[in-house]
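Chemist: Next come the chains, spelled out residue by residue.
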Amino acid sequence: MAVRTEVMTSRGMVSTAARPEGLALFWQKFGTSYLFMAPFLIFFAVFVVAPVLTAVYLSFTYFNVLEAPRFIGWSNYKLLFLEDDVFIIAIANTLTFAIITGPVGFFLSFMFAWLINPLKLKTPLALCFYAPSITGAVAMGVVWKIVFSGDRYGYLNNWLLGIGVIDEPYQFLAEQAAIMPVIMFVALWMSMGTGFLVFLAGLQTVPSDLYEAGKMDGIKNPLQEVWYITLPMIKPQLLFGSVMAVVAGFSVFEVATSLAGLPSPLYAGHTIVAHMYDFAFIRFEMGYATTVAVFLFLLTFGLGRLLMRMFSSKNEY
Amino acid sequence: MAVLVQRPQTVDFSVSKVLRFLRKQTPAPSYLFLIPMAVFSMLPIVYVISTAFKPLEELLLFPPPFLVRRPTLDNFQDLLLATNALAVPFTRYLFNSIFVVLTTVLLQVMMCSMCAYPLSKARVLPGRNFIFGMIVAALMFAPQVTRIPQYLVVQKIGLIDTYGALILPALAWSYGLFMMKQFMDNAVPNELIEAARVDGAHEWTIFWKIVMPNVAPAWNTLLIFGFIQLWNDSFSPLVFTRSEAMKTVSVAMISLTNGPAAIARQGAQAAAAFLMTAPTITVFLLRQAKVIQTMAHSGIKS
Chain A
4 MAVRTEVMTS RGMVSTAARP EGLALFWQKF GTSYLFMAPF LIFFAVFVVA
54 PVLTAVYLSF TYFNVLEAPR FIGWSNYKLL FLEDDVFIIA IANTLTFAII
104 TGPVGFFLSF MFAWLINPLK LKTPLALCFY APSITGAVAM GVVWKIVFSG
154 DRYGYLNNWL LGIGVIDEPY QFLAEQAAIM PVIMFVALWM SMGTGFLVFL
204 AGLQTVPSDL YEAGKMDGIK NPLQEVWYIT LPMIKPQLLF GSVMAVVAGF
254 SVFEVATSLA GLPSPLYAGH TIVAHMYDFA FIRFEMGYAT TVAVFLFLLT
304 FGLGRLLMRM FSSKNEY
Chain B
-8 MAVLVQRPQT VDFSVSKVLR FLRKQTPAPS YLFLIPMAVF SMLPIVYVIS
42 TAFKPLEELL LFPPPFLVRR PTLDNFQDLL LATNALAVPF TRYLFNSIFV
92 VLTTVLLQVM MCSMCAYPLS KARVLPGRNF IFGMIVAALM FAPQVTRIPQ
142 YLVVQKIGLI DTYGALILPA LAWSYGLFMM KQFMDNAVPN ELIEAARVDG
192 AHEWTIFWKI VMPNVAPAWN TLLIFGFIQL WNDSFSPLVF TRSEAMKTVS
242 VAMISLTNGP AAIARQGAQA AAAFLMTAPT ITVFLLRQAK VIQTMAHSGI
292 KS
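Order-wise, the sequence lines are chains A and B. In terms of my numbering, the first sequence opens at residue 4 and continues consecutively. In terms of my numbering, the second sequence opens at residue -8 and continues consecutively.
Chain A extracted, bound-state conformation (with noise of 0.2 Å):
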């Protein structure tokens, strides 16, 4: 007890003794493991904890920007299961994106990263499949609305009119049946980004050695060599890749808007985060549209939680 010093921590006062003890001693375990954590920590902490945070409380208001809160309870939660009719469609076009897009995207952002990877020409070859991720909006915005245009000018209508298919312009972006298959189409182009990338630099991390060894133990082919050395070696960046694409695919917005509309006739490209936009941008009823945020937070979630089980990074290997 006799040499005893008052140390400031970032826990508060704490006394440090010959022999550290409680407090001290955790913190000589740990302490440089939370100063490198703090800085981010404080950051998310700030700018993302607290918004969050807020926005879930908001989501049992009544805001409309101009005035302050005020608390409703779960009015907004009752309206948006028994009464929003735009929703369920909303729930039903997004599922039927993401069920399609979420796995076909990530299964070609593999394929064509593993392709590419031996090659010479790779970094050229992976600019042109990451091209649509740059230039998204202006892509999205000019290039996709000429090729589907509904009148007989379309890049696409014209070539259909040209070689006999049809008789009249199709309506690709008007008509019900057409727009989320047009949607999930652009999208499934737009999605060698994040994955694509990732998976590319993951596969560079795979020790070249590890083929070899694996020759040696009997691997003869190449199909072989994915199942057994590629695909658990970048394991990590696979679930990476599977949360972005659970994440994409339940947020999808800006292509379905840019392409059919907000919105859009009949309501047949609309989405979740595209009913959430509806609400907190253009009707200003931030209260039921962060409700649906916290909606779509727990089914992405939840999905998420079943990847990382799935994809769980223990090494057994």
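Source of the hints: derived by calculation from the structure; they are not laboratory data. These figures come from a predicted structure and were not determined experimentally. Glycine included, every Cβ here is placed at the ideal spot set by N, Cα and C. Worth double-checking, as some hints may not be accurate.
[What the hints assert, rightly or not] Negatives, chain A to chain B, calculated, CB over 10 Å:
#1 E24
#2 L61
#3 G167
#4 M195
#5 G217
[Stated by the list, open to error] Simulated pairs of lysine to any residue, SDA-like, Cα-Cα distance not exceeding 25 Å:
#6 A:K218 with B:P180
#7 A:K148 with B:P62
#8 A:K218 with A:E228
#9 A:K148 with B:S41
#10 B:K200 with B:V189
#11 A:K125 with B:L277
#12 A:K125 with A:V107
#13 A:K123 with B:A280
#14 A:K223 with A:M236
#15 B:K200 with A:P42
#16 A:K125 with B:P62
#17 A:K32 with B:L116
Keeping the supplied structure of chain A fixed, place chain B upon it in accordance with the hints.
Modeler: Quick look at chain B alone, frame taken from chain A:
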């Protein structure tokens, strides 16, 4: 063993033969398949580049010709004229963009990597699952809705109309942290770190000298993501800043192309789109080449 060798041989005539054909041994068929796909996916960049050089009469055609027929530099002159009418000199927007994007990207990657290191490699870390769980949860929250509460926070701290408002909120990049941690999990062997710890190396040294070189593909990829996202972002500067002197190039482009004279400025618009895209492509090519090179340098493996 004999059985193991037998089975693949039967497969060899079908799928695997095609796959091998597509890969290393003969890259030509691989290119035959990939190049048409690559061209298809590169259409937007080609369109942006070629449109920037189109003369006015080609810009006004409908449907617009995909490729330029008589290339001209008129659009860039037009853009120069249009920028003269802006409230502050164009170089000011350019400076803001470059300053904000570079500072943010470097800090982002640094903070994400530092935070990912203990999350991935500390032997014991109380609260690890809780912290990581929160970060993953944050990924799932639609960014469109946290924007309004985020504005309230930025306003409360008094950051509105400062560089801080453009830089600081972007530093909490859960996405970058998640990715860094995923890479560290597998790409950096635990034995290597343990060995360094036994040798008495400081954690900071281990982080700089062992972990970071091994995850070079990861942070180079993050630099690309960060740069492209921030360079194109017009939401934060529009919402978090008020004075014209704080705006970035992406906002200047919007006011150039969405103003009342937008139709007369079709050419300037195309040139602007080209100039917005050019830096992102440059950064992509520079960093992606590094991602692919790093293999040779990070050969330290267990």
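Chemist: Would you mind confirming whether the straight-line C-alpha gap from K32 (chain A) to L116 (chain B) stays at or under 25 Å?
Modeler: Holds, at about 9 Å.
Chemist: Does the no-contact call for L61 (chain A) survive, Cβ to all of chain B over 10 Å?
Modeler: With a cut-off of 10 Å, L61 (chain A) comes too close to chain B, as the shortest Cβ separation is near 7 Å.
Chemist: Does the claim that G167 (chain A) lies outside the interface with chain B hold up, using a Cβ gap greater than 10 Å?
Modeler: The assertion about G167 (chain A) holds, with a minimum of 20 Å to chain B.
Chemist: Is K218 (chain A) within 25 Å of E228 (chain A), Cα to Cα?
Modeler: Holds, because 9 Å separates the two Cα atoms, which is no more than 25 Å.
Chemist: Does K223 (chain A) pair with M236 (chain A) here, judged by a C-alpha cut-off of 25 Å?
Modeler: 18 Å, holds
Chemist: Holds or violated: are the alpha carbons of K125 (chain A) and V107 (chain A) at most 25 Å from each other?
Modeler: 22 Å, holds
Chemist: Measuring Cβ to Cβ, find out whether M195 (chain A) lies farther than 10 Å from everything in chain B.
Modeler: 6 Å, violated
Chemist: Do the alpha carbons of K148 (chain A) and S41 (chain B) lie within 25 Å of each other, as the hint requires?
Modeler: 18 Å, holds
Chemist: For the pair supplied as a hint, K125 (chain A) and P62 (chain B), is the alpha-carbon distance within the 25 Å limit?
Modeler: Not satisfied, since the Cα-Cα distance of roughly 30 Å exceeds 25 Å.
Chemist: Between the alpha carbons of K200 (chain B) and V189 (chain B), is the straight-line distance 25 Å or under?
Modeler: 15 Å, holds
Chemist: Is it true that the CA of K148 (chain A) sits at most 25 Å from the CA of P62 (chain B)?
Modeler: 24 Å, holds
Chemist: Given the hint that K218 (chain A) pairs with P180 (chain B), does the C-alpha gap stay at or below 25 Å?
Modeler: Answer holds: K218 (chain A) to P180 (chain B) is near 22 Å, not above 25 Å.
Comparing the model with each earlier hint shows violations of hints 2, 4, 16; every other hint is respected.
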